[in-house]
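Participant: Produce the complete structure using the sequences and hints provided.
As you go down the protein sequences, you meet chains A and B in turn.
For reference, each letter of the first sequence is one residue, going 1 to 300 in my numbering.
For reference, each letter of the second sequence is one residue, going 1 to 187 in my numbering.
Hints may contain errors.
As the list claims (entries may be wrong) - Which chain A residues face chain B? A few, computed with CB under 7 angstroms, are given here:
(1) 117
(2) 134
(3) 140
Hints were generated in silico from the structure; no laboratory data involved.
Each residue gets a CB set at the ideal place from its N, CA and C atoms; glycine is no exception.
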Amino acid sequence: MSIDVFAPDQAPARTDLPFLRHRARPRPPVARAAAGSAGLDLSAPAPAARPPAARPAESSAGLALSRPVARPAAGSASLDLSTPPPAAAPAAGPAAAPAPGRPARRQPVRPLPRARSGERTLLTPKAPTITLTRLQSGVGVLTIEAACSAAVGDLRIGAAYQLADGHSSLVSRTGGITAAPRDSRRPVILARADRYERLLIDLRQNRQLERLVVFAFSESGGQLNWSGTLVTSTAGGGRVELPLDRPASPGVMVLLSIFNVHGEFVVRAEMETIAGPIRAAVQAYGFDRISWLDDRTPVA
Amino acid sequence: MATMKRGSNVALTREIPDLTGLVLGVRWDTGPEKALADHLVVATILCDEHSKALSDEHFVFFNQLSEPSMTVSQLEQAMGPDAEQIEVQLTAVPAEVSRIVVVLYLNEGMGLRRSLGQLRECVLRVLNLADNAELVRSENLADSLDGETAMTLGEVYRHQGDWKFKVIGEGYSTGVAGLAKDYGITL
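Facilitator: Right under this line is the structure:
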């Protein structure tokens with residue numbers, strides 16, 4: 001078939017590319033026939049094939065088989081001949097239909113460690129990473145809390161973040177920056193504290209968040225007796241726990257990173273002590289677009 | 001265009017035999033409470049005959065724009081006056097899907113307590129996917145709300161070989177957690 005590249009509106013519909021499909025602006029009722037892939041469910045044991053790239057409307061001329069308007073639970077009886085016939089492959093009669101079925105499911109290449117909702121998952125040196133589901137990464141608020149006793153010292157937490165628009169900075173109660181972006185009417189991240197210090201991520205805006213690195217430090221710059229647990233909680237009651245037991249040290253410890261990978265948050269234990277200020281720690285994690293006032297404060 | 005009350009239904013494919021696809025549009029008016037809209041989420045749940053979600057992957061919302069069969073998809077950018085739109089390829093919906101339920105909830109947890117009672121207006125409309133023509137719309141579902149934080153707006157469901165549409169408008173005071181529990185979804 002020849003395709004006139006200057007008349008895209010007359011080109012045959014590409015039913016094999018549903019993810020590129022766009023509803024057209026209103027126009028004369030001819031355009032979108034049937035949208036292809038009618039999973040004909042002619043009978044319970046042998047549903048018809050999903051034609052991969054049928055061209056609606058044009059190839060269907062002499063086809064007697066037509067689509068039931070909707071599937072009755074059982075039985076192929078109710079063929080409705082008044083519907084415009086879809087371009088199912090002629091061979092796809094009930095007898096010739098291959099494997100019953102639901103369409104092939106998307107499978108991850110390898111199984112990812114997942115956080116069970118309502119349960120706790122421990123991050124360890126051997127299993128430092130966990131991937132939140134799209135629901136865990138998109139519903140409610142993700143809370144990251146440093147459950148540490150006074151014995152640890154004057155531990156404070158903060159985070160360096162990068163947003164989808166490229167904006168990158170810090171959020172930390174210690175520096176007085178309790179929202180990200182700073183002074184935003186609609187913050188993506190908030191720094192709060194009641195019993196413990198914690199960070200809240202608004203998952204309604206999860207698409208704005210590219211990555212986040214959580215660090216802990218001593219407010220006075222002294223030594224910390226590392227212990228306690230960093231707890232990341234989902235709206236569904238999933239808890240990802242990271243033990244903070246390490247030899248006592250000064251400086252900054254990078255605890256946890258979160259990367260937004262196509263809508264799924266990948267949470268990773270870092271647990272790396274950096275002998276230096278916050279600035280050095282977050283620079284070590286690639287945050288090189290932050291302008292600094294001093295070693296622990298970004299400029300506004 | 002017809003306005004439908006809560007509980008009423010219409011036999012979509014019986015009345016329009018060549019209907020192959022739908023657009024489910026949700027529009028709202030938050031009145032002076034502009035920030036409310038920042039926290040509203042529309043989701044579509046594909047359910048079996050027992051009104052339970054087929055899986056967590058059958059919860060279609062802004063962070064999961066389609067489901068495994070890709071016949072129900074939420075648009076990143078709604079066309080026209082709706083705040084959110086969901087496209088349904090009716091004729092291609094897998095047989096195990098009995099109901100397609102549209103819900104609205106407030107994403108909570110960042111502090112300020114809000115509720116759907118602050119909405120001035122909330123309407124679910126059904127359009128023909130082929131030509132964007134509005135088929136029916138619900139009455140204003142916001143007028144009976146008070147402290148609710150989630151609501152089932154309406155559903156498209158199979159009935160004796162046809163697809164029907166029903167306006168529901170039932171609120172939840174327990175937010176998305178209550179919705180998830182009812183529909184068997186793991187948050």
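Participant: Please go over all the hints and tell whether each is borne out by the structure.
Facilitator: Quick rundown of the hints versus the structure:
Taken as an interface hint, residue 117(A) checks out: its beta carbon lies about 5 angstroms from the nearest beta carbon of chain B, inside 7 angstroms. The beta carbon of residue 134(A) comes within 4 angstroms of a beta carbon in chain B, closer than 7 angstroms, and the hint placing it at the interface holds. With a cut of 7 angstroms, the hint placing residue 140(A) at the interface with chain B holds, because the nearest CB-to-CB distance is about 5 angstroms.
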